[in-house]
Amino acid sequence: MTDLILAIAVGGAFGFALDRVGATNPGYIIKMLNLSDLHLMRTILLGIGVASILLFGSLMAGAIDPAHLSVKPAHLGVLLGGLLLGTGFAVAGYCPGTGLGAAATGRWDAIVFVLGGLAGAGAYMLAYRWIDGSGVLDTFSTGKTTLGTVIGTSYPAVLPWPPGEVIGLCLGIALAVVALALPPSMRLGKRSQEEERYDEHREV
Amino acid sequence: MTLSWRRGGVLLGLVFFMAVFLAKPIGVSTQFVVLDGILWDALVPGTVTISEEAKTGFTSPNAYLDESGGKYAKAVANPLNYGFVLVLAMMAGAFVSARLRGGVPRDERTMPAVWRANFGDSVLLRYAVTFIAGFVVLLGARLAGGCTSGHMMSGMMQTALSGYVFAAGVFFAGIPVALLLFPKEA
Numbered sequence: 001m002t003d004l005i006l007a008i009a010v011g012g013a014f015g016f017a018l019d020r021v022g023a024t025n026p027g028y029i030i031k032m033l034n035l036s037d038l039h040l041m042r043t044i045l046l047g048i049g050v051a052s053i054l055l056f057g058s059l060m061a062g063a064i065d066p067a068h069l070s071v072k073p074a075h076l077g078v079l080l081g082g083l084l085l086g087t088g089f090a091v092a093g094y095c096p097g098t099g100l101g102a103a104a105t106g107r108w109d110a111i112v113f114v115l116g117g118l119a120g121a122g123a124y125m126l127a128y129r130w131i132d133g134s135g136v137l138d139t140f141s142t143g144k145t146t147l148g149t150v151i152g153t154s155y156p157a158v159l160p161w162p163p164g165e166v167i168g169l170c171l172g173i174a175l176a177v178v179a180l181a182l183p184p185s186m187r188l189g190k191r192s193q194e195e196e197r198y199d200e201h202r203e204v
Numbered sequence: 001m002t003l004s005w006r007r008g009g010v011l012l013g014l015v016f017f018m019a020v021f022l023a024k025p026i027g028v029s030t031q032f033v034v035l036d037g038i039l040w041d042a043l044v045p046g047t048v049t050i051s052e053e054a055k056t057g058f059t060s061p062n063a064y065l066d067e068s069g070g071k072y073a074k075a076v077a078n079p080l081n082y083g084f085v086l087v088l089a090m091m092a093g094a095f096v097s098a099r100l101r102g103g104v105p106r107d108e109r110t111m112p113a114v115w116r117a118n119f120g121d122s123v124l125l126r127y128a129v130t131f132i133a134g135f136v137v138l139l140g141a142r143l144a145g146g147c148t149s150g151h152m153m154s155g156m157m158q159t160a161l162s163g164y165v166f167a168a169g170v171f172f173a174g175i176p177v178a179l180l181l182f183p184k185e186a
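Chains Y and V are the protein sequences, given in the same order.
Going by the numbering used here, the first residue of the first sequence is number 1, and it counts up by one from there.
Going by the numbering used here, the first residue of the second sequence is number 1, and it counts up by one from there.
Please keep in mind that the hints were generated in silico from the structure rather than gathered at the bench.
You can trust all of the hints, since none of them are fake.
16 Å max Cα-Cα, derived EDC-like pairs, lysine to aspartate or glutamate: (1) V/K55 x V/E67; (2) V/K24 x Y/D65; (3) V/K24 x Y/D3.
Isolated chain V (complex conformation) (with noise of 0.2 Å):
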């Protein structure tokens, strides 16, 4: 049921063109922050305040979330904001594609079948390894200012000199790091 790289990349394309065209280009992962600011919110009152200074007219003692005159407390104070739906409804998309394709196999719920032929199948070993994975992920996102898909499709797509310098960074470690872990095709 996936498409061939043909018809997927022109797919993948005209979305990346719609979203520019209508709005702006897509990211995703500066909703991480907004979703923890959300959190941290929740648990510890005070956490994004208004302010009559602040330009957005939201600020927090954090000081990333307080960082271009309160952008992100903004985003925190008001979730349903344009970036904070756009990855809302893309869960939603692939919900339903995953759902019109009947779904994924049971055994793949857990680790894709090129895990199981280098690892095996100790589900507690792929979750703490994704785990440690995902943390690294988004820490490097938030230190480059974006991920795969702000910087690399929307960067490069632009011609953003950054879009160019993260992709580099991207593949120069991920296929090395492949390579080492996956020997095994599976």
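So that you can see chain Y by itself, here it is in the shape it has in the complex (with noise of 0.2 Å):
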């Protein structure tokens, strides 16, 4: 019970953040991809900066219990399906959670782009057996692997050095200071109107 409540709190907290962030636009999300107005760039960069920084923190000061971590094995699939999933996302402007997200503000094209999604996740299910046979969802020797080793977790680390919970730390800084360091655009080096209509509005 305590679990769905968990659930419900930050589930409801996820969403109105991925639309108040304008994720659940996909003008947005193609103007991001076509480097037009990198407004959600700059968002999704600092938010994964934020969140190491936190976690990292956290995980230095005892804060939080390193079994709530939960890292995914690395392997081919993962980039073929970024690749195929990044395809998508720039043909409709939707991703899986943005998808949902928009259906629920009332966006139409949203919800046949969840039908469309629906359709997908069923044919990998049929699929499965022999996706899986093919062997690019073997993992890669190391499986579940961090870039340090984080103390209180098993996942094998990519570098022995400096200690997992450190290259978080830097990690999660250096990704702030990308979001702060790229330009509102990248298309002839002039600013969108959205972003000048944002830095009209800071205050919002």
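Build the complex: two chains, separate frames, hints provided.
Here it is, written out as structure tokens:
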């Protein structure tokens, strides 16, 4: 039961945040990927950076249970799947989470996207035995790997040094710096109308 | 009404951190499989059954639902689980936020302006292409074992190698495709 209350709290906050940062708007996604408006790119990079700093800071302070981490295995399918997802992401302007969120905000094309997604996931279920047999899901030698060793977890590390917590903190800071350094737009060096609007209404 | 990238980034970061602090990293795309399983089980009884031998207590003749000791079969049998409720709540959260900011403008509901600028305003074309894109996106997400939330945001946050590999794939394909398809900015 506690489980479900947490799911409602975290999920609700997540959906609210997705909509507030503009991620439920496929126009922002497409304009992030055609580099004309990097607003969402900067938001995402800063988001990962802030989360990483808080996570590894808390791990170092002993304020969070390392068992809460959940690292996924790395295999060829991760790269191939990323390429497929990136293609559809650019065409539609939706990914699985933002598509569901956008459908809830009243976007009809998002509902169509979700229906296509259900068909795609269904096709994967039917093809799973064959895909698994093809070897693309065989994990890279180390499997569920983190970049550095995180104390309290059993994930193998890519780098023997420095400690995983230090790598996490540094990468978090680095991602935030990249977000800060990116220009509002990478097209013709001109600022998009949206970005000018945000600057005028910073207080929003 | 969209937050500046600074405020938005901090908000998104707090949410992803809170998720792992309170429970576990956020993920979404698995729930497409769970919903498919629920629909499938409703149409074809016996798609998910109780099994004494299975690690989770549930099994399925479908190899994917049966994977990892029936992990997904169990979620299909008990939809009121953490992952599925999280996604339902996420939709509710997005709905509430959209209501509070006055909803999506009418002309935006069928397609974004940048699509209209590059492909015209045929709703049928937008829906047909978006359906296929949804198919490809979820096929990719399942092949990868996660999506933008689970692999990219949650994975990179944890310094997971898989998160970085996934993000590289997404942008390596996504940026050229968007540049090619959407030369006009809107």
